[in-house]
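Participant: Here's the letter readout for the chains.
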Amino acid sequence: MMSAELTVLTLAGLLQVLQFGLMSVPANVELGPGKTLSPRDRSRLGGSLEDQLSERTARLYRALNNHFEGLILFTLAVVVVTLGEASNTLTQACAWIYLAARIAYIPAYAFGLSPWRSLVWFAGFLATTVMLLTALFS
Amino acid sequence: MFGDELTILGLYGLLVVATLLAQATGAMGQLGMGYLLSSRDEGRTAAGMAARLERALANSVTAMALFAPAVLILEARDGFTPLTLACAQIFLLARVVYLPSYAFGVTGLRSLAWSGGFFATVALYFIGLA
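Protein chains in written order, with my numbering: chain A, 1 to 138; chain B, 1 to 130.
Hints are computed from structural coordinates only; laboratory data are not their basis. Among the clues, some could well be false.
[Unchecked claim] Stretches of chain B that chain A covers, calculated by requiring three or more beta carbons in the stretch to come under 8 angstroms of a beta carbon on chain A:
# : segment
1 : 13-24
2 : 61-69
[Said to hold, decoys possible] Within a straight-line C-alpha distance of at most 25 angstroms, the following computed DMTMM-like cross-link-like pairs (lysine to aspartate or glutamate) qualify:
# : chain 1 : residue 1 : chain 2 : residue 2
3 : A       : LYS35     : A       : GLU50
4 : A       : LYS35     : A       : ASP51
5 : A       : LYS35     : B       : GLU75
6 : A       : LYS35     : A       : GLU55
7 : A       : LYS35     : B       : GLU42
Given the structure is predicted, the values throughout are model-derived calculations rather than measurements. The C-beta atom is built at its ideal place from N, Cα and C for all residues, glycine as well.
Chain B with its partners taken away, still in its complex shape:
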């Protein structure tokens, strides 16, 4: 059975999938399907929202690589508590907020949401290693 933190990990994976689809849609609009299907040797770059979604995706993948091991350490050590669940929920909520705040260029909120996700992840490591 799923522990709740694992459900959150699975949901976050799906959020990254959704981010990728949004990014690909934006790139398709700007760079064209023909270019995307080619070998991209020209190195064309997107601008505006499509470029922001590209950066948001790269950042989400980094966050995923950091969040997943923290959850695994806790799972392997039977370390789940209401506090770790709260941290995981904060992480997911922060990353859900992060995406539109980057896409629409909401300065301040994006960095705040990023910090929320980052420090929730750091907290999970400290709890897992304690």
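The shape of chain A in the complex, shown without the other chains:
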């Protein structure tokens, strides 16, 4: 039986796959395979790839990269909580808060909902930090 934290980690990994799809499908439509299948040299593209995307797709691109960062830190938190046998109601709640925040982050970024994007980002960040601190002091 997987712990709640590991279940959430799996779901967060699948969320990243979903985010990749959300970004790459419109990006390929907008840029065309001539650019996306190329080695993406600046000389060939005429600048950076992100600059040539539509506003919404560029936001989804930034949201994807932001989740890579958040996911690495969250993975570490899940690992130390699990292997340190520090799992409790608080760490399980934090894991679910992290996932909920990262799901909400995508539309918040895509639709430019300010300051909600920053607030849900912070909720996920804080939940991860609490998990790390719990593992350390349990």
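Given the coordinates of chain A, assemble chain B onto it according to the supplied hints.
Facilitator: Okay, now just chain B, sitting in the frame of chain A:
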């Protein structure tokens, strides 16, 4: 219970958290809270120390992605020894030195600290796979 290497992994996670907070504070000062809360469509870039903290953060995340699996391999194989503990301690110390040496632009020391962390991580892989 925590093995000591796992404590170091947890501490390193908190160091990355601290790096991120420092980077965000610098970006707030230069780019403004209004811009940070917006969708950042303009692609404004920071300069000076705030930009160095941005690069330090990106580098710290890369180091974390490399260090964490090495510790996990050792944990899963019961491979912790005094040598692996020393490597993990060197890694953490090097990364603690790396951050201010990047922020304040101490050429030489930053690269030295980076190398210390990098080769300590590589050593953990060799020990884990041996």
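Participant: For every hint, state whether the structure bears it out.
Facilitator: Here is how each hint holds up against the structure:
1. For the segment 13-24 of chain B, the assignment as covered by chain A holds, since 5 residues bring a beta-carbon within under 8 angstroms of that chain's beta-carbons and 3 suffice.
2. A stretch counts as covered by a chain when three or more of its residues have a beta carbon under 8 angstroms from one of that chain; for the segment 61-69 of chain B and chain A the count is 4, and the coverage holds.
3. For the proposed pair LYS35(A) and GLU50(A), the alpha carbon gap of about 12 angstroms is at most 25 angstroms, so the pair holds.
4. Restraint check: the Cα-Cα separation between LYS35(A) and ASP51(A) comes to about 13 angstroms, which is no more than 25 angstroms; the hinted pair holds.
5. Of the supplied pair hints, the one linking LYS35(A) and GLU75(B) is violated, its CA atoms being roughly 44 angstroms apart against a limit of 25 angstroms.
6. Of the pairs offered as hints, the one joining LYS35(A) and GLU55(A) holds, with about 18 angstroms between alpha carbons and a cut-off of 25 angstroms not exceeded.
7. As the CA atoms of LYS35(A) and GLU42(B) are separated by approximately 23 angstroms, the hinted pair is consistent with the 25 angstroms bound.
Going through the hint list in order, the structure does not satisfy hint 5, though it satisfies all others.
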